[in-house]
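Please construct the entire structure, taking both the sequences and the accompanying hints into account.
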Amino acid sequence: MELITTPDELRAAIAELAAETFIGFDTETTGLDPHRSQLRLLQFASRNQSYILDLFHFPPDALQPVLDLLAASQPIKVAHNAKFDAEFLRKHHGIRLGMVFDTYLASLLISAGNESDRHGLEPVAARYLNVEMDKSFQVSDWSGQLTESQLEYAARDAQILLPLREKLQEKLDELELMQVAKLEFDCVNAMAGMELAGIYLDADCWRAQVAQTKAAYDQAAAKLQKELSAGAPQMSLFEEATSSINLDSPTQIREALGRLGIKVESTSEWRLHNLAREHPVIALLLDYRGLSKSLSAYGLSLLDHINPVTGRIHASFRQIGSPTGRMGCTSPSLHQIPHEKHYRQCFRAPAGRKLVVADFSQIEMRILAEMSNDEALLAAFNSGEDLHRATAANMLNVPLEEVTTEQRSKAKGLNYGIIYGMGAEGLANRISVSTTEAEGLIQRYFAAYPGVARWLQNAADTAVRERRSRTMLGRLWAFSFDPTDRQQLGALKRVGKNAPIQGTGSDLFKRAVKAVDDRLQGQDAQIVHCIHDEIVVECDEVIAEKIARLVSSTMIKAGKEFLPRIPVEVDAKVTDAWLK
DNA sequence: TAGAATCGCCAC
DNA sequence: AAACGTGGCGATTCTA
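For the first sequence, counting from 1, position 99 maps to 700 in our numbering; every step adds exactly one.
Since the hints were derived computationally from the structure, they do not count as laboratory data. Hints are all accurate, no fakes.
Below are the DSS-like pairs computed for lysine-lysine, each with C-alpha atoms no more than 27 Å apart in a straight line:
(1) 783 / 692
(2) 1161 / 1174
(3) 1147 / 1161
(4) 1013 / 942
(5) 783 / 1161
(6) 1158 / 1174
(7) 772 / 736
(8) 783 / 1158
(9) 894 / 1181
(10) 736 / 692
(11) 864 / 827
(12) 942 / 894
(13) 1174 / 942
(14) 768 / 736
(15) 1147 / 1158
(16) 1147 / 1181
(17) 815 / 942
(18) 942 / 1147
(19) 824 / 894
(20) 772 / 783
(21) 1147 / 1174
(22) 1181 / 942
Right, here's the structure in full:
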């Protein structure tokens, strides 16, 4: 291990590192938030030497060679969760990390959805190299005088990455995951940029929204409490004041309903929904639940996530958030903000700026058409007609213009349900028809789209036979369902149908995210949010229309790579707030 | 009593 | 007494 303390030593180290194909790269920082913490150490490893650069004791104006090395596409930087390091480099030194091999993402891909595998550097090194690493220094104080053992720890982290990459590369090749790995590695910079930028939330707007909800909630709670207590035994005023029903407790609600003569097995929404018309108290309960959810999940606590330095919300994105490759988002989960206007209008563009909200239209149905090669479905998309209307026409063998609103709505339910492996009962529930009618509809659907029927059957069979599935780019999900268990077999078939579609959607979307992020370089525009098939960009208002066209065309081009036989449509809007 | 498990519900 | 997929999160209830 060599501690670099002078520009001369740095030049020599860079010369050696630059000659490599791969170098290990890691950083130590004084904290986890790039906006509030400092970069302390940069650690590099070549095949035979490791270097540490202490940024607290090195002239800042002599750093350029190392920044150039990091920004260059060669050598490839091997890092564990490179997004983290990339954010600090972008924030404090204004550079984008060049080509990376991310051992964290590689490990996730190789695990193929196995939830028991952990993916920190320590467990990954243990799993693939049989090396025991002591990570206890990770949380040590990296802001003061560093001890020799801290430096050794730091160097070791970078050193292990090269042998780890070799092993992971072997596995990726073996499992034919290199294409999807490349896709993921290429997406790291876009993810880093998005997290670092964050999204602006108008706090006053949000507070007003919460206050309004709170008032409605109080009213609904009081009314519901009164109605539910009607069946309770007579109580003194004191008892009434102290022993009220906990409206958030399914158990207590069930008991209270029972006293009113309404017997229910469970108080879940789908079960209560049909009873709401018959019993006003149930409608009241559902109303209360909506407001309660709104206050707890989308209440003032969201404001706690506003970063004091930037004034914006920097959610944590997980690039591979599920076995299908969809991203995950936490702290807060910006993926589950309701789309009612009073919530989303608070996510805004600051003064002088605009948001471009762009999403792929019906992308999973298009993927189904492409993968299944179903002639009628392909034709439906290529005709440019409304998909659900065309589906209804195909199912009922009637001309397009004769399709009624109700028929279209049922066809829509089928189109969405089918990609989740839905059965007759599920469909019946969803579009409010009898199970018999639902069975008939599904039969008609498969008669209209026989290629889809064949593809779905094959996907389910393959899932049961091989207990795994792949996307167009080869992303793998090894299922842990037990096919001898009846229920799990059902789930296995449904996931077998859905995973290739949803997963290919992820592949396609990530290609788009990377491409859009690349195209926005050098412009006053930045991706600030991603939700499965939607990209939100914040930019200077003067260039917003141009950016919208750029984002849209870039997304379509990325989509076309996956869907050569189907038109790809993107709805892109320039707005002041996160609204469509 | 703290953490795990479950319920219920938001997104795509 | 559900079973159309993927997730996260807050409140309640269970468990040791």
